[in-house]
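Bring the two chains, given one by one in their own frames, into a single complex with the hints.
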Amino acid sequence: MIRTLLAVLGRPGDAALRRLLAGLIAAAAIQGVGYALIVPFLRALLGEDPDSAWPWLAAVGAATAGYAVATWYTQSAAYRTGADLAQVLHHRLGARIVELPLGWFGAGRVGELTRLASQSVLQVMSVPAHLLRPVVTAAVIPLAVVVTLFAVDVRLALALTVALPVLAFVLTWSNRAVGRADAARDGVSDEASARLVEFGQAQPVLRAFGRTAQGYDALDAALVAEHDADRALVWRTVPGLVLFSFAVRLVLAVVVVLGTHRVLDGTLDAPTMAAVVVLMIRLIEPLAAAADLGAALRMAHGHLAGIRRVLDTASLPEPVAPVRPVRTDVEFRGVSFGYDDRPVLRDVSFVLPEGSMTALVGPSGAGKTTVARLLARFWDADAGEVRVGGVPVTEIGSEQLMSLVSMVFQDVYLFDGTLADNIRLGRPDATDEEVAQAAAVAGLPSPGGAQTHGELPAGIHTRVGERGVLLSGGQRQRVSIARALLKNAPIVVLDEATAALDPENDAHVQRAVGELARRSTLLVIAHRLPTVLAADQILVLADGRVTQRGRHEELIDAEGTYQRLWQSWESARGWHLLPG
Amino acid sequence: MSAPEQSGPPTAAGALRRLLAPLRGRLMIAVVLQAVSGVAAVVPLAAVAEVVRMLLAPPVDEGSVWVAAAVCGAAAPVSLLAGTAAVVVTHLGDVTLQLALRRELARRLGGLPLGWFSARGSGAVKKAVHDDVHALHYLVAHTVLDVTTVVVVPVAAVGYLVAVDWRLGLLSLVPLLAGCWLFARAMAGAGSKMAEYGHAVREINQGVVEFVDGIAVVKTFGRARAAHERFLQATDAFHTFFSRWAAATTPVTTASQIVSAPPVPLLLALTVGTTLVTSDQLAAPDLVAFALLSPGVAGAVSGIGTRLQALRTGGTAATGVVSLLDTPGQPRTAQPRRPDGVTVRLRGVAFGYGERTVLRGVELDLVPGTVTALVGRSGAGKSTLARLLPRFHDVTAGSVSLGGVDVRDLDPEDLYRAVGFVFQETTLLRMSVADNIALGRPEASRARVEEAARRAMIHDRIRAEPRGYDAVVGTDVEFSGGEAQRIAIARALLADPPVLILDEATAYTDPHAEAAIQQALSAAAAGRTLLVIAHRLASVTGADQIVVLADGVVAERGRHEDLLALDGHYARLWRAQQPAVAGAPTARQETTP
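Read top to bottom, the protein sequences are chains A and B.
The numbering of the first sequence is my numbering, which starts it at 1 and goes up by one.
The numbering of the second sequence is my numbering, which starts it at 1 and goes up by one.
Hints in this document: simulated from the structure, not taken from any laboratory.
The model shown is predicted, which means the values in this text are computed figures rather than measured ones.
There could be a bad hint or two in this list.
[As the list claims (entries may be wrong)] Far from chain A, some chain B residues (derived; all Cβ distances over 10 Å): (1) 14; (2) 73; (3) 94; (4) 117; (5) 162; (6) 180; (7) 247; (8) 413; (9) 467.
[Unchecked claim] Between beta-carbon pairs, the in silico distance windows are: (10) A:334 <-> B:474: 48 to 58 Å; (11) B:445 <-> A:514: 46 to 56 Å; (12) A:295 <-> B:196: 21 to 31 Å; (13) A:180 <-> B:25: 25 to 35 Å.
[To be verified] Quick look at which bits of chain A chain B covers, simulated, 3 or more residues with Cβ under 8 Å: (14) 56-62; (15) 75-87; (16) 150-164; (17) 172-184; (18) 190-196; (19) 224-234; (20) 264-275.
All C-beta atoms, glycine included, are put in the ideal place defined by N, C-alpha and C.
So that you can see chain B by itself, here it is in the shape it has in the complex (with noise of 0.2 Å):
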């Protein structure tokens, strides 16, 4: 049965080996402390079979027996101290591992690029950084004490009992290693029953997936009895397959369970031993010892299973943490170029995720104090392209440049003091609104922040909380859609960058702030370089330049009335546009008496 898991474990052992490096030294103290209690545990009750057999020989010397009794009660605080200090010395080791481990992952996860995020979702940075380190807590703080324990005990118990008497000593091997060698037999063809077991697993989690993800949809259609088929067949088969898997092991656990459970070794010794005595051949009193002790050198059996588990989560947990620490980051120069101005330049730039190529061949400058607007169909690579800049992605081929330097030889600090974003999807955080605001410039003045705030239309609607700019995101104020989005400028007003991005959102939640948002944003793009990803060609007719992507390659570049004119891709747009927004109200209206 070792075979098949030797091919598993050694990454899982390197990893564990990696992580817990620098607890070793804690770790040995902690394993050293635990041997001590383990042993200072077994003592009082061998003390305790001493002093029994020395009062039932008598002449007793009193004296002795006073030594005796006052073993076994020193060796109890003394297995209690060192066994707390164990426990204390790995539960802080852990909490300091923990710690610095989330704090090395959160430093990596900052540093990879934004793909690995959209690919995983928020939900596995929170599964690495926190469950995945959480999950060695039980290794590093209980299991390497508990294995400790598991071998000291019997050891201990086994010597002292073999020098009481060698036959009897030996004999109280037999039911732990009856119980080991049962539980190996139970475990035989676990490795691929568990990947059965995951694998029911999953399918359950799949079937609630799709039960409840869709549960209005699927109610609506009237689906709900077929999602809810599905969900019921892969519990079902799990339940068949576990009953069967219970079923067919459930003889051999079991069977090691009543070996090493304390009443058949307890029984076994005693026959044994009173054959002994009444032939003879072992002092009555010398049988006290091993009805005390000899029912506990088995008890370890019970405790495997557990351990094994422990072993494993903790194994894979550590892969999992690894992983993470080695997926290799947005490369970073070591010797940081300063930018000369902040001209941007695209040069030859091509990108994809994986195998989809999503922009070829863009060549793009954006001169200081221009306005450039990127348009085009949905999924041409707009947003895309916008995200180079400031190096969300990098380029696969060609270069983008700020002020002649490539943005990858660019200090991060100087990047994002030069290239501002503002959003489509606004994220607020859950901190205060005036933190919000001064996200990119922590370390700017109240006053400044409600100047920006002014600007950006949404001062009247924070001061009205009751709480202010201190009011915390989330906890104490929501923001309604178009609200957020006014923060969201506000943070870019305050950050100044002297090159702005503008995700330009084309629906908002509440027509009331549609037109505060198109104010605000006018307010952020005077006196930068502008680059904007328009859904609304009306908007952006007065850029100095508007670039057309289609397909991933810039299609036509040029200025508004220019390209109506070529009668191509963006007079297409144009005029598909036209109707949905212009058009129709007018002639509305027109009818309107």
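Here chain A stands alone, though its shape is the one from the complex (with noise of 0.2 Å):
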């Protein structure tokens, strides 16, 4: 644990961590001496001449007193490294994220990373206040107090240096237990947590199939396999957790039960036997206050675990020296990749010439979307190279890359403000008449615009709520289109909505992307016919390849999986609904 803080905060910001864990170590170890020192004490005030008593009591109020400063420093030094650990995690996260791979970002990150950033850091940042000081005096106290008392009593220590082990074992053991315990049933958890999920989604269609009206099984077995879980855990848990204080209680009463025989014996004078006793509850109580950290401390190792993994992330690697491309054409040369182990692209070679506009087309799962990922440096390609104006992209510097290329995808992000700041978002020091023109190409109302838009009523200015939900789907891609006309890059990468679009909307976005086509290299993948017809080159992707390219024209009477997708096209535009 200690391993991994001082790893992730990495020098020389664990410089004031270790500081503060030699400041732990002195306090904890004054205070066992001073608890070893007692016995000396008791031995005087319960011996023959009480007043002799009194140097070893000041002995031990010295001890007392120097555990309190150190303990009075060590404490805000303490909240002063928590404070700063959760700066520098924070701090190396932010650097992190900026230099994944946009690969990286895939579902679930953004919970992912705002887990970690808020609920992860501040759980690691209480570590050394609340954590640390209890776990360092648990493991320093009883061996400060061993090596005082060989000083004093031999025989005394020798006892101890047999007891402790025994029970720190206990208590490791019943930590581990519990710790294993919990994980089984985390699973089981998941499970109960993904189809809550799901209940929440498939409302509408449970609710059409009657599926709430009857009660949801799946929802109601996972429900149940949790609470079976849960009852299971309680007893597999209590053994642990009982475990470590009935050690203890044993280990006492075998201490009280040897020493009472002793004393009566004579073997062992009695004072001596009150010493040990006081000496055996003062080691307990450290013990013990860990022991009840063993969730908390899991839990912090669970924290630090997942911050580790984003860190540990390896990044795309950074030219040195960028070089800029003067030109704008695309070429693949060769290109693999694959995701894990699974091949998507295999050999995939073609070239976008400058100013050309190119449909990718192919069956779903064919490697579309990955091919304009590539474009992008969303990942580097496993064999092969991508390169813009003959430079390979990973000599370009992911910054530059960036200003060439504009992507059009199907998941708009849209911030909680109003239509045009999302536009602006192209580019920030456009003007507004450049806003405006941008959003009336795309066809989103501009202020001089003569459409009516009754759902955006202030036009424009029209806030589009968080994640943009006040818009509906094509209005949102409308607006990714405007961002990309406005950024007016020389590369733009364009993913054609597959979501529903009114033939409204339709006609507008074929008229921004006409639009696109005459200013930029243009790389679409297709979903509609007009686009194809409209491309100057086609290029054919069935499973990782680059099975056939050319214009509309030469692959239309060439068998193979361009006519069938132009021949599914064909019936799906000839159908009618209706009953028969």
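Structure, rendered in structure tokens:
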């Protein structure tokens, strides 16, 4: 745990933590010495001459004062270290987020990172202030006591040397047992959570088919499974929870019985026996406190591991001297790529000539989106090269590459501001006229536009709501296109909507795509016929390979994927909804 | 400091009392067991002290010594057994409570208007039913017992110590009181600080969301630095706030900790005790009892913070659970009426979300066996209108009736058997393909499931899976958008409702699938009352009735030819669609050599 903390902090950030640890150890050691000094003190006090106890009491007092001073300083250092630790972690996470390849940011990452940056960092922050001290105390006090005792009474010291490891072993074992049982339960709990999310998301369909009226069996089964697992967990963790306190009480009882026996035998003097018992209780106290922290420690460890996973994720290498390409043609040269061990693209080669429009078509799962993402360097290709203007994207540098490429994807990111604010993200220094113009081309309301936009009451100044909830799917996509128009990058990658667009929307999108094609090198993942027909070049992707390429006229007569796609489009167009 | 806290907690306390009511008996038993365990934990120490006192004051009565030693030994298992029993009782009670609460919450959720879900998202469901209920666990299973221990142990210890020597016994209360006083001082003003803390944490969350959610866009538009800056600002603000807060409170909390941790109370007892012993006011052996027990008395202070926190967290969670339990659901009729036939009538229907009116004065009849198409621009209210039939929402004025009975007066069972829905966004559940198809007819035979899949043109695709119809969606198999749509259609075919609502999808992820889906839809349409939310006018030109919605009102209605002749909204929509869907390819084809 401490090692992970130090690793996550890195040098020189870990210096404060190291100092804190040293301080905590010192405070606990002084406390331990103080406890050990109680033995000679009690012997003196309970002996013939109680007054001879005063010097020993003074020594105990000095140790206690030392402990108080050390605690005073370490505790404020602990809070400071915790806060600094949080700041270092936040900064390192922030730097990491910037560096991580875009491909890493899949579904669920926002939730994960939000959790890490708030909950996890805050938990880790509390480690120095609340967890480190009890843990260090529990480890150091027994050691300090034993060492000091060797100077005072060798037999006693030897007895403790035997008893302590046993207690420590029991403590570790019971903590592990509870940890294992907890971990086993997590799976069941995740299942119940997932079912609940499903239950929320699937409400419309569950209702349409009467499953909320009758009860949704899958959810109930998951809830019952969690209940059963929790019940079983109670029986499995209770032994772990009580074992340590049982061991402690057993050791105490044994000490009392043996001690009494020996005192009565006359082989041990009563004051020493009294001192031993007092010392035992003082030793047990920090151990018991640490035992209570098992769950908190496990949790903190889990949080820390989560942060570390993100920090340790490899980022894409950045060039030392980025090269700025002069041309804006794009070339894929023998590109292969796979997610984990599932190959997606195999030996893909093609050229997008400067200023041309290319339509990428193919059945779903053929790898179209992956091609688009490799162009924007979401990941690096496993084999082969992606080149822009003849320069491999790995040598251009992420930031520069991003300035060359606009991406219009289906999952449009919108923040809670006005429509205009969201469009302006494309180029923050754009004038109002430029924003309005981009909006108009994309078919969004613009101040001078004559369109009626009943659903956008304030036109371009309508607020879009958190994540754009107040916009329709079509409107969201048009915002994304307007951004790209405004950014006016020389290369545009566009994933044509598969979401519902009404005919009017469709017309706007077609027009905007035409405008983008006029200005840039355009790669479109095409789902609509007009787009395909308008392309200078069609690339047909099937099973991760480019199987056909050319213009529509060249491809339509050749047997193959394109012809089949075309026939499907045709037959779908000819369809009429007629009950019969 | 207690005054401002009094205004908040009553609701939290009320919520807790209500949720924990079924457990009250068990919790009482657990508290008693825990109290026994607490006392029995003090007894061995007292017995040890007695053993030592007797051994130190000869002549030793061996019998009494062994009795005391036996008490020390025997009290340990008693404490352990009682404590374990208390833990088991609270944990089992908690487990039972959690299941009961979750079931009740799931039942409530099933009766809430759908708008509740769209406004909050499924995360809210998980939070309320899973996380909030779980947050009660610590309170029910642990805190109740912890608080008992915190109270019982010092009382028992001080009781014994006072019996040994009243002066030193009362003295052992001093560190406890000093610790409590200092702790209270540290907590003064914590309420407003906690609010500030919460605010700072929310700022971090917002910073992350803004930073990460749009990372692709943010990076593409070269805005990564700005988003990064905002995130860092939020974290630095938090750091500054927290460091200041900690710096201001650390001296007091540390002082509270130092006076209540064992060394200081111990030194206090020993110093005063030694003074008394050396001045012959106390027998030296009596001091052993104080060395053993007095440091533990003030130990309770260190636990106050976490217990308070647990109470606060539990109270907040309980408030969340209770407010969900109390959210009014869709009203259900006590005396359901049976529909006579399946004619659907909308009379003077109005609907709105909050203050925004979506539909006004809608009149519509769906005659059995006919096809009605709903058309209009996006946002005109087509989907909303269709969703009133299966009562996803209830009208704000007017009525929707099925077979002459208002849908609100129908048994929900009758309603869903009569009205089916194929959504544009298909939802497959994480269960077997067969169960997905049989969602509305769980009792259907496998043969009928396969028959429905065949008619929906998805049978072969399912058969291609190694586990076939038993393949679990999302685990064994992922379906593409088009395939999922066909499974949803098979679901509707099997449910076989006389009234079917189709939310027609305009675009598909895979053109291969498009033709198959259209065929499947045609199969589903046959012989039913059909309401189609149409985005592509070409596919509904043959409808018996086309209803054009504009700004929430029925602007036009009639057959295709009549509406074209009218030259109004419909004609405009039709023209807008022509070049985009049908015109362009034909024009291009003509130029093909």
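Against the structure, the hints:
no.: 1; hint: 14; result: 26 Å, holds
no.: 2; hint: 73; result: 4 Å, violated
no.: 3; hint: 94; result: 8 Å, violated
no.: 4; hint: 117; result: 5 Å, violated
no.: 5; hint: 162; result: 19 Å, holds
no.: 6; hint: 180; result: 18 Å, holds
no.: 7; hint: 247; result: 7 Å, violated
no.: 8; hint: 413; result: 6 Å, violated
no.: 9; hint: 467; result: 18 Å, holds
no.: 10; hint: A:334 <-> B:474: 48 to 58 Å; result: 35 Å, violated
no.: 11; hint: B:445 <-> A:514: 46 to 56 Å; result: 54 Å, holds
no.: 12; hint: A:295 <-> B:196: 21 to 31 Å; result: 28 Å, holds
no.: 13; hint: A:180 <-> B:25: 25 to 35 Å; result: 33 Å, holds
no.: 14; hint: 56-62; result: holds (count 3)
no.: 15; hint: 75-87; result: holds (count 9)
no.: 16; hint: 150-164; result: violated (count 0)
no.: 17; hint: 172-184; result: violated (count 0)
no.: 18; hint: 190-196; result: holds (count 5)
no.: 19; hint: 224-234; result: holds (count 6)
no.: 20; hint: 264-275; result: holds (count 5)
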